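Okay, so the sequence shown: first residue is 118 according to my numbering, each after it adds one.
Don't read these hints as lab results, they were simulated from the structure.
Fair warning: this is a prediction, and the values are worked out from it, not measured in the lab.
Think of the CB as a built atom: it goes at the ideal place given N, C-alpha and C, for glycine as much as any other residue.
Hints are not guaranteed to be accurate.
Quick list of in silico lysine-lysine cross-link-like pairs, DSBU-like style, CA-CA up to 30 Å [unchecked claim]:
id, residue 1, residue 2
1, K211, K124
2, K303, K278
3, K278, K290
Label-pair restraints from in silico Cβ distances [stated by the list, open to error]:
id, residue 1, residue 2, range
4, E219, L284, 40 to 50 Å
5, L260, I205, 48 to 58 Å
6, L261, P187, 23 to 33 Å
7, D249, R308, 50 to 60 Å
8, L284, N238, 19 to 29 Å
9, L130, R283, 54 to 64 Å
10, G127, W199, 15 to 25 Å
11, D174, D244, 23 to 33 Å
12, T190, D135, 19 to 29 Å
13, T190, I240, 44 to 54 Å
14, I280, I314, 35 to 45 Å
15, L261, W199, 49 to 59 Å
16, R308, E255, 17 to 27 Å
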Amino acid sequence: MSINKVKAVGYPLAAMFDANDQKSFRMLILWLEENILHTYEPEKRTELKNIDSPSWDIAFKNYCVSCSSPIKTTEAIDQLEWLLGVAIRLTYNKEKNKFDSETKKTLEVSADVPMIIPSDNPIDNLDVNSSDFKEGIEKLADLLKISKHPDHKITLEAIHKFIITRLNEEAIKNPDHKITLEAIHKFIITRLNEEAIKNP
Numbered sequence: 118m119s120i121n122k123v124k125a126v127g128y129p130l131a132a133m134f135d136a137n138d139q140k141s142f143r144m145l146i147l148w149l150e151e152n153i154l155h156t157y158e159p160e161k162r163t164e165l166k167n168i169d170s171p172s173w174d175i176a177f178k179n180y181c182v183s184c185s186s187p188i189k190t191t192e193a194i195d196q197l198e199w200l201l202g203v204a205i206r207l208t209y210n211k212e213k214n215k216f217d218s219e220t221k222k223t224l225e226v227s228a229d230v231p232m233i234i235p236s237d238n239p240i241d242n243l244d245v246n247s248s249d250f251k252e253g254i255e256k257l258a259d260l261l262k263i264s265k266h267p268d269h270k271i272t273l274e275a276i277h278k279f280i281i282t283r284l285n286e287e288a289i290k291n292p293d294h295k296i297t298l299e300a301i302h303k304f305i306i307t308r309l310n311e312e313a314i315k316n317p
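Please model the entire structure based on the sequences and the hints provided.
Right, here's the structure in full:
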């Protein structure tokens, strides 16, 4: 379970939360209900408030049904994950403008400051969008007789795939081995699907 969700809802005891500790788990459920979810009227929360009760687990199952939880497993942790997701969504919707403006500010700041990490490795310092780099990719594609894609990064990926499949030790020992048409089609379809997802 991700502790980040617990922190995201603003749970004051997030640093000490232990999903495997029964009391810690029950306290979080009660806090979510009282502070964010509000599924029950305050007077109906009595069974959830009694975190030491042997019947708390039954009360929790009934609570999950009242919340219309779609989770079918009997694992309480799965229910908690779902409840945290609902709580995060409710918190976001309640303060959407605040979160959106903060995100916008963060993106503006990060766009203004170039990410420069000093490195001794020359590959780390390559500018993959420079004209020299693009030219080098085109020359390498010509040398290896690989078709060029309009996006030079995809051409580079094809070059990489060619090198690891055709220029490895095994391929050099057995030069008559051919790449199957099926493998080529699979690669093309994968790339087209990835592009369709990136650019709907």
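Hint-by-hint comparison with the structure:
A hinted pair counts as satisfied when its Cα atoms are at most 30 Å apart, and K211 with K124 qualifies at roughly 17 Å. At roughly 13 Å between alpha-carbon atoms, K303 and K278 fall within 30 Å of each other, so this suggested pair holds. Straight-line distance between C-alpha atoms of K278 and K290 comes to about 18 Å, which keeps the hinted pair within the 30 Å bound. Distance hint check for E219 and L284: the Cβ-Cβ separation is about 49 Å, which falls inside the suggested range of 40 to 50 Å.
Against the hinted window of 48 to 58 Å, the Cβ-Cβ separation of L260 and I205 comes to about 51 Å, which satisfies the hint. Evaluation of the 23 to 33 Å hint for L261 and P187 yields a failure: the beta carbon distance comes to about 51 Å. Hint check: D249 to R308, Cβ distance near 25 Å, so the stated range 50 to 60 Å is violated. Range check, L284 to N238: Cβ separation about 22 Å, and the 19 to 29 Å hint holds.
Taking 54 to 64 Å as the suggested C-beta distance range, the pair L130 and R283 conforms, at roughly 57 Å. At roughly 18 Å, the beta-carbon separation of G127 and W199 lies within the given 15 to 25 Å, and the hint holds. Taken as a hint, the range 23 to 33 Å is violated for the pair D174 and D244, whose Cβ atoms sit roughly 59 Å apart. For T190 and D135, the hinted distance range of 19 to 29 Å is satisfied, since their beta carbons lie about 20 Å from each other.
Taken as a hint, the range 44 to 54 Å holds for the pair T190 and I240, whose Cβ atoms sit roughly 46 Å apart. A hinted range of 35 to 45 Å for the beta carbons of I280 and I314 is inconsistent with their spacing of about 26 Å. About 50 Å separates the C-beta atoms of L261 and W199, a value consistent with the hinted range of 49 to 59 Å. At roughly 18 Å, the beta carbons of R308 and E255 sit within the given window of 17 to 27 Å.
Checked against the numbered hints listed earlier, the structure breaks hints 6, 7, 11, 14; every other hint is satisfied.
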